[in-house]
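Asks: Chain residues, written in single-letter form:
Protein chains: 2
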Amino acid sequence: MYNIAIVGATGVVGKKMLEVLKTHNFPINNLKLFASEKSVGKKIHFDGKEILVDIVRENSFIDTDFVFCSADSSVSKIIGPSVRNAHSILIDDGNAFRMDSDVPLIVPEVNSQDVDWHKGIVSIPNCTTTPLVMVLHALKGFSNIDRVNVSTYQAVSGAGAQAVKELEDQIKKIASNQKPINDVFPHQIAMNVIPQVDSFEKNGYTKEEMKIVNETKKIMHDEELLISATCTRVPTIVGHCESVNVTFSDEVDLEKIILILEKQQGIIVRDKTDFNNYPTPLNSTLDDNVYVGRIRKDLSNKKGLLFWLVADNLMKGAATNAVQIAETIIERNKVSY
Amino acid sequence: MYNIAIVGATGVVGKKMLEVLKTHNFPINNLKLFASEKSVGKKIHFDGKEILVDIVRENSFIDTDFVFCSADSSVSKIIGPSVRNAHSILIDDGNAFRMDSDVPLIVPEVNSQDVDWHKGIVSIPNCTTTPLVMVLHALKGFSNIDRVNVSTYQAVSGAGAQAVKELEDQIKKIASNQKPINDVFPHQIAMNVIPQVDSFEKNGYTKEEMKIVNETKKIMHDEELLISATCTRVPTIVGHCESVNVTFSDEVDLEKIILILEKQQGIIVRDKTDFNNYPTPLNSTLDDNVYVGRIRKDLSNKKGLLFWLVADNLMKGAATNAVQIAETIIERNKVSY
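Residue numbers (the working numbering), protein chains in the order written: chain A, 882 to 1218; chain B, 882 to 1218.
Only chain A is shown next, with the shape it has when bound in the complex:
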């Protein structure tokens, strides 16, 4: 049984972490919940108990085994050292440490062995990277991957609770013929598509696009992987979609590829075009899986594959992956000792 803390417990991902800990029957001894000043005193029900939300204090992490954090990078950077000092393990759902050379970046189905070299901090990838890497890892079982290009269709919950509220408010305004207001996003998101997620870098890519590029290389231990991305925000609440084009070293064999994907733990192939059955944000979320459909040969390249994926950005994209990392650490330590 383990002592757990959640930092950012009142956010969209924090709430999902509580759900996932429960559905995974995570062996919890003690559970502490932390959030920002404005949430202090809120009561959260978990497993028949009522837990008071507090702010992080000097000794908050003493005697914790795992600290799950989903908050601003600035918060992660502050609590990182104190979690380490408490000999606890920070499992961080932010960008603060992902590319640090002494911090493993983990998708358990892909690189579980990397948790072994953690020094008190493990990062989970960006919510677009995780499902993509799950599929790419499986596809490596077919052939070497020469090149990847992806276009995303990302849900507003990836930008937090305020972003969800903004879309819902804009929808209500539109339904009653009033002018929608935008604050979280740089443009109105309802009835729109915004080809920008996070801010721009000098090379013309957004930070979100570069996260996909750099994190995928790190997780797959392949610095030479050729990969590019275009990230967009669409007016959906939950569920990131990705239209993916992969180029292999070998000619595509669809039957083999589908078998490989069906065998991969955490991936569900949903590809019955006869019944208009393929993944959408509304039918392929609220569970731990990555759903893959529209699997077909790239008409422009014999060695190319096109497919479409949807994953719940708050679950496998965040909370599920975080809890699975803690489970992986527990499991691998059992084996070791």
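Treat the hints with care, as some may be off.
Copies of the same chain look alike in the list, so a pair counts if it fits in one copy or across any two.
What the hints assert, rightly or not - Heads up, simulated BS3-like pairs for lysine-lysine below, C-alpha to C-alpha not over 27 Å straight-line: (1) K1153 - K1088; (2) K919 - K1046; (3) K1088 - K1178; (4) K1021 - K1098; (5) K1153 - K1021; (6) K1054 - K1021; (7) K1088 - K1137; (8) K1184 - K1088; (9) K1183 - K1083; (10) K1183 - K1021; (11) K1000 - K958; (12) K1083 - K1098; (13) K1144 - K1083; (14) K913 - K1184.
Simulated from the structure, these hints should not be mistaken for laboratory data.
Since this is a predicted model, take the numbers as computed values, not measurements.
Assemble chain B onto chain A, guided by the hints.
Replies: Using the frame of chain A, we list chain B on its own:
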């Protein structure tokens, strides 16, 4: 001055045709409006006159110069011969004749000369093909194009007036916590993304995706062009977006490419990432142009380019292109005779 007929005059594209004829100051002598039985007797105001909507009858096209049609393919197939027999020219916004070898498929900025071999019918391309071909044609001025892959984000108006009503109704239901109903689309479109536009073919692609592939080759006179597409429907009213990956024979020179795009008539480069200014469905519609932004080198390929485009699917994607085709025919006949 010309005698004009519009078939499908009460539909979303038909209404736009009236707008575009007006803003283009198209030299109209007489204007006849046709629609299905249920619209007979409706009055439409155009240029200070009131015009009664009728159904197409045996002699409807006698003395017309141009018949614009935006209706079901079945309607186009019925009226095609009678327009020909009346020595009029059908400019058809449907799939009925696009791939026929004796029917030119026209985007005037790209292949205006092809109108010269029409035999009474000219087709306009699918609303996703037209803006893509506009940009590809311009890019050929930089280097030979080896390969194209595109992922679309298509607005519901592409599926007609009932589809627009369906999204608006679903939005209202969601805003008042009721269950949305779907009828036009195979799944709920509000708060969702549907990776299917039109029905599926045996090769796993949708008809819409194959339209992009086949129409692009025909318009560009390049049967060997390597091109593939993924088409999706997103909850927007107007404005199709496309995330495009082009591979050239030469290494990308961004400066040259942007200059070429800026010079192309009908294309507006909107790419000021410093100001979060790029095309979105809400800011790059309601006019005749194709807007291009997010122009950058493909990180996975020195000869690759990534860009994002938005065009009004009812205007350049349909009505504008139709009217421009008539203008092109008039202009080229002036030159010839």
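Asks: It remains to establish, for every hint, whether it holds in the given structure.
Replies: Each hint tested on the structure:
Proximity of K1153 and K1088 under a CA criterion of 27 Å is satisfied inter-copy only: 16 Å between copies versus 35 Å inside one chain copy. Taking the closest pair of Cα atoms, K919 and K1046 come within 27 Å of each other only inside a single copy of the chain (17 Å); across copies the shortest separation is 42 Å, beyond that limit. For the homomeric pair K1088 and K1178, the shortest alpha-carbon distance between copies (15 Å) is at most 27 Å, but the shortest distance inside one copy (30 Å) is not. When the C-alpha separation of K1021 and K1098 is checked against a cutoff of 27 Å, the pair qualifies only within one copy, where the shortest distance is 13 Å, while the shortest distance between copies is 33 Å.
Taking identical chains as interchangeable, the C-alpha atoms of K1153 and K1021 lie at most 27 Å apart only when both belong to the same chain, with a minimum of 24 Å there against 38 Å between chains. For the homomeric pair K1054 and K1021, neither the shortest alpha-carbon distance inside one copy (47 Å) nor that between copies (44 Å) is at most 27 Å. Taking CA atoms no more than 27 Å apart as the test, K1088 paired with K1137 passes between copies only; the shortest distance there is 26 Å, against 35 Å inside one copy. Taking the shortest Cα distances, K1184 and K1088 sit within 27 Å of each other only across copies (23 Å), while inside one copy they are farther apart (30 Å).
Only between protomers do K1183 and K1083 lie at most 27 Å apart by alpha-carbon distance; the minimum there is 18 Å, versus 34 Å within a single protomer. Proximity of K1183 and K1021 under a CA criterion of 27 Å is satisfied in both settings, with 17 Å inside one chain copy and 24 Å between copies. Taking identical chains as interchangeable, the C-alpha atoms of K1000 and K958 lie at most 27 Å apart only when both belong to the same chain, with a minimum of 15 Å there against 71 Å between chains. Taking CA atoms no more than 27 Å apart as the test, K1083 paired with K1098 passes inside one copy only; the shortest distance there is 20 Å, against 35 Å between copies.
In this homomeric assembly, K1144 and K1083 come within 27 Å of each other (Cα to Cα) only across copies, at 25 Å, whereas the closest approach inside a single copy is 41 Å. Proximity of K913 to K1184 under the C-alpha cut-off of 27 Å is found in neither arrangement, the shortest distances being 51 Å within a copy and 53 Å between copies.
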